[in-house]
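Undergrad: Here are the chains, one letter per residue:
Number of protein chains: 2
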Amino acid sequence: MSDVFLQHMNLQNNLLLRAAKGEQVERTPVWVMRQAGRVLPEYRATRARAGSFITLVRTPELACEVTLQPVDILGVDAAIIFSDILVIPEAMGLPYEMDEGKGPRFPNTIKTKEDLARLSTTEIEGKLNYVAEALILTKQELNGRVPLIGFAGAPFTLFCYMIEGQGSKEFAKARRMMRENPELAHALLSAISDATIAYLKMQIASGADLIQLFDSWAGVLGPDSYREFSLPYINRILAAIPEVPRTVFAKGAWYAIEDFANSPCETIGLDWTIQPELARKWAGAKTLQGNLDPSVLYGDFASIKKATREMLQKFGTQKHIANLGHGVYPDISPDNLKCFIDTIKEYPNEK
Amino acid sequence: MSDVFLQHMNLQNNLLLRAAKGEQVERTPVWVMRQAGRVLPEYRATRARAGSFITLVRTPELACEVTLQPVDILGVDAAIIFSDILVIPEAMGLPYEMDEGKGPRFPNTIKTKEDLARLSTTEIEGKLNYVAEALILTKQELNGRVPLIGFAGAPFTLFCYMIEGQGSKEFAKARRMMRENPELAHALLSAISDATIAYLKMQIASGADLIQLFDSWAGVLGPDSYREFSLPYINRILAAIPEVPRTVFAKGAWYAIEDFANSPCETIGLDWTIQPELARKWAGAKTLQGNLDPSVLYGDFASIKKATREMLQKFGTQKHIANLGHGVYPDISPDNLKCFIDTIKEYPNEK
Chain L
973 MSDVFLQHMN LQNNLLLRAA KGEQVERTPV WVMRQAGRVL PEYRATRARA
1023 GSFITLVRTP ELACEVTLQP VDILGVDAAI IFSDILVIPE AMGLPYEMDE
1073 GKGPRFPNTI KTKEDLARLS TTEIEGKLNY VAEALILTKQ ELNGRVPLIG
1123 FAGAPFTLFC YMIEGQGSKE FAKARRMMRE NPELAHALLS AISDATIAYL
1173 KMQIASGADL IQLFDSWAGV LGPDSYREFS LPYINRILAA IPEVPRTVFA
1223 KGAWYAIEDF ANSPCETIGL DWTIQPELAR KWAGAKTLQG NLDPSVLYGD
1273 FASIKKATRE MLQKFGTQKH IANLGHGVYP DISPDNLKCF IDTIKEYPNE
1323 K
Chain F
973 MSDVFLQHMN LQNNLLLRAA KGEQVERTPV WVMRQAGRVL PEYRATRARA
1023 GSFITLVRTP ELACEVTLQP VDILGVDAAI IFSDILVIPE AMGLPYEMDE
1073 GKGPRFPNTI KTKEDLARLS TTEIEGKLNY VAEALILTKQ ELNGRVPLIG
1123 FAGAPFTLFC YMIEGQGSKE FAKARRMMRE NPELAHALLS AISDATIAYL
1173 KMQIASGADL IQLFDSWAGV LGPDSYREFS LPYINRILAA IPEVPRTVFA
1223 KGAWYAIEDF ANSPCETIGL DWTIQPELAR KWAGAKTLQG NLDPSVLYGD
1273 FASIKKATRE MLQKFGTQKH IANLGHGVYP DISPDNLKCF IDTIKEYPNE
1323 K
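Here the protein sequences come in this chain order: L and F. With the first sequence counted from 1, adding 972 to any position gets you this note's numbering. With the second sequence counted from 1, adding 972 to any position gets you this note's numbering.
Because the hints were derived from the structure by calculation, they are not lab data. Every clue listed holds true.
Covered stretches of chain L (in silico footprint by chain F; criterion: 3 or more residues with CB under 8 Å from a CB of chain F, positions within the stretch not fixed):
hint : stretch
1    : 1137 to 1144
2    : 1148 to 1160
3    : 1191 to 1205
4    : 1240 to 1248
5    : 1297 to 1308
As a list, the in silico DSSO-like pairs of lysine-lysine whose alpha-carbon atoms are at most 27 Å apart:
hint : chain 1 : residue 1 : chain 2 : residue 2
6    : L       : K1277     : L       : K1253
7    : F       : K1277     : L       : K1145
8    : F       : K1310     : L       : K1145
9    : F       : K1278     : L       : K1145
10   : L       : K1145     : F       : K1141
11   : L       : K1310     : F       : K1141
12   : F       : K1074     : L       : K1145
13   : F       : K1145     : L       : K1278
14   : L       : K1173     : L       : K1111
Label-pair distances were calculated between CB atoms; the ranges are:
hint : chain 1 : residue 1 : chain 2 : residue 2 : range
15   : L       : G1288     : F       : N1153     : 27 to 37 Å
16   : L       : T1084     : F       : E1318     : 31 to 41 Å
17   : L       : R1016     : F       : H1158     : 32 to 42 Å
18   : L       : P1079     : F       : S1305     : 22 to 32 Å
19   : F       : E1318     : L       : K1074     : 44 to 54 Å
20   : L       : D1071     : F       : P1236     : 43 to 53 Å
21   : F       : E1142     : L       : P1320     : 25 to 35 Å
Note that the structure is a prediction, hence the values are computed from the model and not measured. All C-beta atoms in this analysis are idealised placements derived from N, C-alpha and C, irrespective of residue type, glycine included.
Just chain L, same shape as in the assembly (with noise of 0.2 Å):
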């Protein structure tokens, strides 16, 4: 039996891993994205001492106390690593820097073959190693409460971001690529993968316990270019990590879903558009993640439980973890958020 495994059985709350890998469980588990972030004034504490985003990110004990926060005062039943998707174009050459309310930017971007020559796929690692040191940190700290989620980015949203620089609505520059030179964007792709691979099994190594992927900038491409840009390589990544639970969440494709049904993965993560009733119908025998709508939780308390529980009757009570769909809104009150988490815990009583 691998320590991995037993680390799961060791788990106080284990409720994630199973429903996750579709066993029999109790109640809804429930994690919120997002949970370590700004909606916590904790976190915006721990936040202002680090000075700077990346400081957060890069400081193992900052990115292990923020993880924990939402455990201890949310009662969520997994914690998710605090980090960023972009660590992994930094690890491949290409630095970022944050601008916290305007996002992320890249001051050098891909644009020919010669720039992709320049990054690197190895000793990922190595560069990442804060990451394995907040991982292992967290894992002492949470000292069996509940699972410990790692994730990274899919490869087509890092690659928006190498080409594009920043955040876009359309990302018209990284689909322009993907036409003109299919190539250079397949041999970009490639490589993000192989170094997203390194970085993946490296946080499952230091105790991450289930692998979230996150294709946030689907949505802009259509069913046949996801097929060509995105969904190979999210499934060479997610072959490559057999060892733990995986989901991919891919915001905005929902014509992915059938696709996904098909994937090494074990959990379809849901925005808010997909009715629950479709999902199931799409995605096969996966678990579903998700997915209120992140706005319920501007309501009053009242409408945030009768959403919260229409959510969870369309789901069913087996194979769903609870979640909104998408990150929570920093602007949300905390007492919102959870209420929202107290509702799922609450309702295999109340039904």
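For this one, chain L is given, so just place chain F on it according to the hints.
TA: Same frame as chain L, but now just chain F:
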């Protein structure tokens, strides 16, 4: 027989109107969202002469000039009047500024019911008389060559701008108001709808042969919110203008296509994430419009022709109006755009 009907009869090319109404056509009609825009050097020259985007919108002779350009240069099967969806908030008392490249900005936004009370839904026709003049002038200049499309923003999309004050990835402020103060949100949406109905009736009286509603931000809502905050207002507007064929284009709202199948419209516009086969299943008897991925036009002629023919084959030759799945990107070569249009016009002879 009404004057409007006679207008349709007198058109030399009425493919668009016949396809919209589900009548038999010899070939698929084609026009392109943002065909009167920065993609054409001729547009950029007129825009430079105008001095500002808003002057261009407000000067009938100049608006007419750029409306005709794609008919003359690209050979599309319809003109669409050059204007902006934000003239409605402006006519209601909320002026905007346009920083080309960055998008629109409203110095004032709606926060309270007092802000709403200061808006007006009367005399819309008088305040937007320059649009009527542009339509009448364009109709004269077209001299029956092709139909002239009028348009407006869907209430939810205008609501987003009026609350948020500018474009946004998530429109969290607008969605916050929907949750915190649904009565105010509905009152504002209703006022926008009243103003829009008056505006569209004026467009039809001034010669618009078909009306399209653009719900550009529909994708930030989910199915339940869409049915509460967008669809009823769209349906109210569509029902008020039965004189001409009506198209609804809700970007990102794939989940609403089955709803639109029961809306008082003839045509449903599709963005490029939607497979034509699936749209046919969901859209019932409606005509479909779209939906090539605009980024395909970054490729070479061979790849543009291939993707365009595949699209035509998937939709079939009837009940389809060819278009891109969103506005053409400004940095596309006009030759590539013409390749898309010509491929559609030549298709029946090549099959």
